[in-house]
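Take a look at the letters that make up each chain.
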Amino acid sequence: MSDNRTEHVLNKKERFHLLPGLPLIARNEPMLWLTGGALVLSLALIVLLLSYIFYQGGTSFWPQPVEAYVVHDGSTIMGEQAREDTIEVDETYRSQLPEALRAGVTDGEEVERMLIRTANFDVTNTHFHWVDTTELVSVSVPPTATVIERLSWGRFIGTPISLQIQEEEPITDPTAIMEGVDEHLAGIHDVLERRIHLEKATLGEIRAHEESARLESVEVRLEHGEESQHYVEALAAYQVIKEHCVEESASVLAQIENLKKETAPYTLRMATASGQEADIPLEEIVRIYQPNALSFMDKLGLYGARWMEFLFDDPREANSEGGVWPAIIGTVMMTMIMTIFVVPFGVMASLYLSEYAKSGGLMSIIRIAINNLAGVPSIVFGVFGLGFFCTTIGGGLDNWLFPAEVSEGRPVLGKGTILWASATLALLTVPVVIVATEEALRAVPNSMREGSYGCGASKWQTIWRIVMPRALPGIMTGMILAMARGAGEVAPLMLVGAVKLAPELPIDMHGTFIHPERSFMHLGFHIYDLGLQSQNSEAAKPMVFTTTLLLISIVVSLNLIAIWMRKRLARRFVGGTF
Amino acid sequence: MITDSAVNRLAAIAAGEMCTPAVHEECHFDAPIVDIEKFNLYYGAKRALFDISMSIPKGQITALVGPSGCGKSTLLRSVNRLNDLIDIVRIEGGMKLNGENIYDPAVDVIELRKRMGMVFQKSNPFPMSIFENVVYPLRIVGIRDKTVLEETCERSLRGAALWDEVKDRLHENALGMSGGQQQRLCIARAIAADPEVLLMDEPCSALDPIATGKIEELMAELKGQYTILIVTHNMQQAARSSDYTAFMYLGQLIEYGPTATIFTNPQLQETQEYVTGRFG
Ligand SMILES: Nc1ncnc2c1ncn2[C@@H]1O[C@H](COP(=O)(O)OP(=O)(O)OP(=O)(O)O)[C@@H](O)[C@H]1O
Ligand SMILES: [Mg+2]
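Protein chains in written order, with my numbering: chain B, 1 to 578; chain Z, 1001 to 1280.
For reference, chain B alone in the conformation it holds in the complex (with noise of 0.2 Å):
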């Protein structure tokens, strides 16, 4: 006896009809367009996404040409073009243009228009000017067309004039110009650099010096009153070490100003596109470069150079030049501090939930409690924070600990602080932690357990040295997702710690090395600042994308680290059986 099914080939549509083992809401096409459809475009949203972040922060330090544009009246525009745009011509838009243009417009037209970076801030005050094509005269690339990004002020566009050095008759040809430039930065950088290593630090610790022994002598009017004795002995030892201090720093000045007129006399003056002069002192010049004369390999080395710096150095310009040093230690900071609160917490708690606790009604309770700890609003836990960590804990270790500073209205610890902004962050976390930790617990085969208990270990032998062991892959993605989590994080940071410009990095060589009790830069709250409260936006736009794709790669690298973590102790520990 044979099968129908087996003589009668099935033609194509019938195959598809019949696939074998399909539920009939799998065959039904409508459903297929429909939930096929629906992930499509999730996946093309976040792809379309990623790209524009890429692309954007990925191109937007490539050196672009500066070009020259010979409007209407005469006037040249230089500068590199930011974005494109188009305008639909009305009755306002033709009152504004010149009277000989009018007649070449109709109501209605598109018309194309340009936005050009002109920089020269301090000399145009503007950063930026729009090029409609229907005053446009004429296109040019200018080859000595020079660009220099400078310590304040932004940037300059213009053409070299001369190069003035010490009391030197000044240079005045453009290639003679450019080589002395590129000649005597280097030095100027060094010189620069101990000068503000002089400004900073070693001033800096100074101060700090005498600030402790007047908060020291302070301590003891508070302690003993102002008029014991005391007060007065701790005052005169004060009054010593302030003397020596202004002593010190009375040298480091002096230093400071020797390096200033080493620096002081190289000047290069230059000319925008309009005309006027300036002189940009060499000091202030951070790169100089001529964008239209520049080869590949020039170019691909400004690139490297620029990411360098953006990644290494500190902001400037209100962070819309420069790097984000301070912004990347003080994420990486935090979410270490935040895992090491975290981590511990999160497994023991789990751990009870998982291996001690009896299953009943409360665990259920709290199961679902902390599942739903993880979908509350994060601001609230900023909320919290600023009030529970900042005011209440922070406040009360000020008033035991620091009584000099807080009787001068300078809380210490009684602030948004890295500490404070960490802990906030790992009760914000800490569902995560719990929850995958539980998940890789209860995914130890109880076989393992009573093989444990049978040899006649204890309960926590167990737990220790068998139950762990194998669900350590699954604690380290909890981790790391905590971790990805916590570095994302923006809103409650701003309440407890995170600031636009910290002055100091809450980790250095001084004191203590680890200051937990300063504020800190952090990328997301950096995002934020640049986009969104930046009075210059337009300038920020570049930074904002690379930055985004600064915290993206992050979070992406530490979750592909959880990945394969993940991976190697799985291999380890579970294996394969039989």
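Take every hint as true, because none was put in to throw you off.
To spell it out: a stretch of chain B is covered by chain Z in this simulated footprint if at least three of its residues, at any positions, have a beta carbon under 8 Å from a beta carbon of chain Z; those stretches are:
(1) 452 to 458
(2) 463 to 471
Pair ranges (Cβ atoms, derived):
(3) B/Leu222 <-> Z/Val1141: 56 to 66 Å
(4) B/Ser557 <-> Z/Asp1168: 39 to 49 Å
(5) Z/Arg1155 <-> B/Met363: 38 to 48 Å
Just so you know, the hints here were simulated from the structure itself, not pulled from any lab data.
By construction, the Cβ of each residue, glycine as well, lies at the ideal position given by its N, Cα and C atoms.
Starting from the structure of chain B, add chain Z with the ligands where the hints point.
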């Protein structure tokens, strides 16, 4: 008293009636190592063991047989109180190890388990090296002396007929071994701390005949030194390797006697039918 037909009697048990077990004359021991007295066990409301009374002789191999779900594993796990780990378990009656009550509230369960070794139906080596697996029972009592650990490891692995196969890779992960090797590793681990009683729950169910043969040989060697209580579904194995056999059905002990008698001339017809494979 055994005049009814077997079917009726089994049907009566299935209907919830209690029956008196047939315990042979030879199975009343003077100084049994484990003495089970009227032992009952409940999983929540479900009763899994009914008034089990039997004594296990020292230095002999005792086999527990019976159809699936009759409570063999439950009884075995009651001896080292592994059932304590299950929240819903409740017991009645008692059990003695060398005359001491195992279920006395004053008994330290962890100390008690250290005196027994257990081998499970599914091998469960720990995710660590072969060496660390074998010496685990020593590690948990805090033994650090390297020579002691190494000596114990070699002795136990030799005891479990595994030494020659693994002596060159003691520090490799145990999860890289074959299934049979893993089961013998678990036996080595169970005998590492010189237990008084070795509890084996279907140790050969996942093994091929050769590995099974090795384990049977092993049991024969270990006999005398250790008391072995083994659960098995393999009648030949029970017949070949055990000294005494207990037949259980639906949580009740039906017949308990010397293996030779149980397999050739049992007192009850049900036992006869079960061991010859006519039901179960
Ligand atoms: N953890 C548990 N919770 C509830 N009931 C259980 C539990 N473990 C076993 N039981 C029940 O107790 C009875 C005896 O189970 P047990 O595992 O002792 O049988 P067994 O004789 O070992 O069977 P097998 O030969 O299949 O291993 C079965 O009816 C089983 O359903
Ligand atoms: Mg069983």
